[in-house]
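Participant: Sequence:
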Amino acid sequence: MSLQRLRYRPRRPFWQLPQHRLPVLSLYKTLLILSKTFPNDIHRKYLYFAIREKFRSRRYETSVASTIKHLKEAQECRLTLQKALEGDKESFQHIDDLAWGRKGRLKQVLEVLKKKKWKKRQKIHKLVYDTRNVQSRMSDPHRVYRVPLDPRLYKVPRVRFFRKKIWSKKKHKWREGLVKYTVVTQLGYRLQRIRGWRQPTWISMMMNKRIRQHQKRIDRYRELESYLEMVKGEKLMLKTLNPKLGKEMEGFDILILQEMKDSKKFYENMMKREKQAKLDGSV
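Reminder that position 36 of the sequence shown reads as 35 in numbering that gives the first Met the number 0, one-by-one numbering, no gaps.
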């Protein structure tokens, strides 16, 4: 079958045409079998990935002229592999140069890796785990189709491991003059303290902030209570003077009662804890 008769309908993938599918797949299978017969491991690895990548990048080709051109190229590749296996020095040297990065795509990759200044040496460059061109990476982004660079072709950068600094607590020896005692806060919590030992600044500031916030809530609640008593007294006074004026004062205490209701739970819990702390202290 001539190469000119491979395509009779354009714009169709090769697997839908037997006239195209049979020569392409048979040639692909032959090249893969030939690549496995090479004695050197690096040659087998390079040829396998190169053949697979070439056929995958051209699987959607619809042009008759381009298809014939690529098939001729694959047939020439098969002849080169056969010559190298038969002992032809020129063909074997050509494959050896391609596999070791002395020419071809791997040479370009190695030149980029030499010039590239890696800011983070722990991070591997993208060309190390995938040596394909940009078009092949975009068409087949899955990691199954990656073509990794052989570790024998480049030097791995040194990875500097830094141990995480462990911030240990300062251990102070027990000395004379230190007294251990229990402190009960306004909320009823118990803390173990040591008298005669300087407290860290951040603990003092934290306690100071919490005490101020707690005191603000108490002051606000008592202020609302005074406002409510004032509104009730004024309402009663206006009611005694004139019942109509008393009705006008209705609704002024709604906002005060709503805000007091929000903080009532906190205030009641605080009062319970204070009573419990007093009982514990008396006992």
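Just so you know, these hints were derived from the structure itself, not from any lab. All figures in this text were calculated on a predicted structure; none of them were measured in a lab. For every residue, glycine included, the Cβ atom is placed at its ideal position computed from N, Cα and C. Be aware that one or more of the hints could be misleading.
[To be verified] Here are the simulated PhoX-like pairs of lysine-lysine, each with C-alpha atoms no more than 20 Å apart in a straight line:
(1) K154 with K114
(2) K231 with K274
(3) K82 with K71
(4) K154 with K170
(5) K106 with K68
(6) K246 with K263
(7) K154 with K113
(8) K44 with K102
(9) K44 with K82
(10) K28 with K82
(11) K71 with K53
(12) K68 with K28
(13) K28 with K88
(14) K53 with K106
(15) K208 with K231
(16) K260 with K215
(17) K231 with K215
(18) K271 with K215
[To be verified] Pairwise CB distance ranges, derived in the manner of DEER restraints:
(19) K271 with M229: 56 to 64 Å
(20) M229 with I193: 34 to 42 Å
(21) I255 with G195: 44 to 52 Å
(22) H141 with N207: 53 to 61 Å
Participant: Now tell me, hint by hint, if it's right for this structure.
Facilitator: Hint check results:
no.: 1; hint: K154 with K114; in the structure: holds, 13 Å
no.: 2; hint: K231 with K274; in the structure: violated, 30 Å
no.: 3; hint: K82 with K71; in the structure: holds, 17 Å
no.: 4; hint: K154 with K170; in the structure: violated, 47 Å
no.: 5; hint: K106 with K68; in the structure: violated, 25 Å
no.: 6; hint: K246 with K263; in the structure: violated, 28 Å
no.: 7; hint: K154 with K113; in the structure: holds, 10 Å
no.: 8; hint: K44 with K102; in the structure: holds, 16 Å
no.: 9; hint: K44 with K82; in the structure: holds, 19 Å
no.: 10; hint: K28 with K82; in the structure: holds, 18 Å
no.: 11; hint: K71 with K53; in the structure: holds, 13 Å
no.: 12; hint: K68 with K28; in the structure: holds, 19 Å
no.: 13; hint: K28 with K88; in the structure: violated, 25 Å
no.: 14; hint: K53 with K106; in the structure: holds, 18 Å
no.: 15; hint: K208 with K231; in the structure: violated, 35 Å
no.: 16; hint: K260 with K215; in the structure: holds, 16 Å
no.: 17; hint: K231 with K215; in the structure: violated, 24 Å
no.: 18; hint: K271 with K215; in the structure: holds, 18 Å
no.: 19; hint: K271 with M229: 56 to 64 Å; in the structure: violated, 28 Å
no.: 20; hint: M229 with I193: 34 to 42 Å; in the structure: violated, 48 Å
no.: 21; hint: I255 with G195: 44 to 52 Å; in the structure: holds, 48 Å
no.: 22; hint: H141 with N207: 53 to 61 Å; in the structure: holds, 59 Å
The structure does not agree with the numbered hints 2, 4, 5, 6, 13, 15, 17, 19 and 20 stated previously, though it agrees with the rest.
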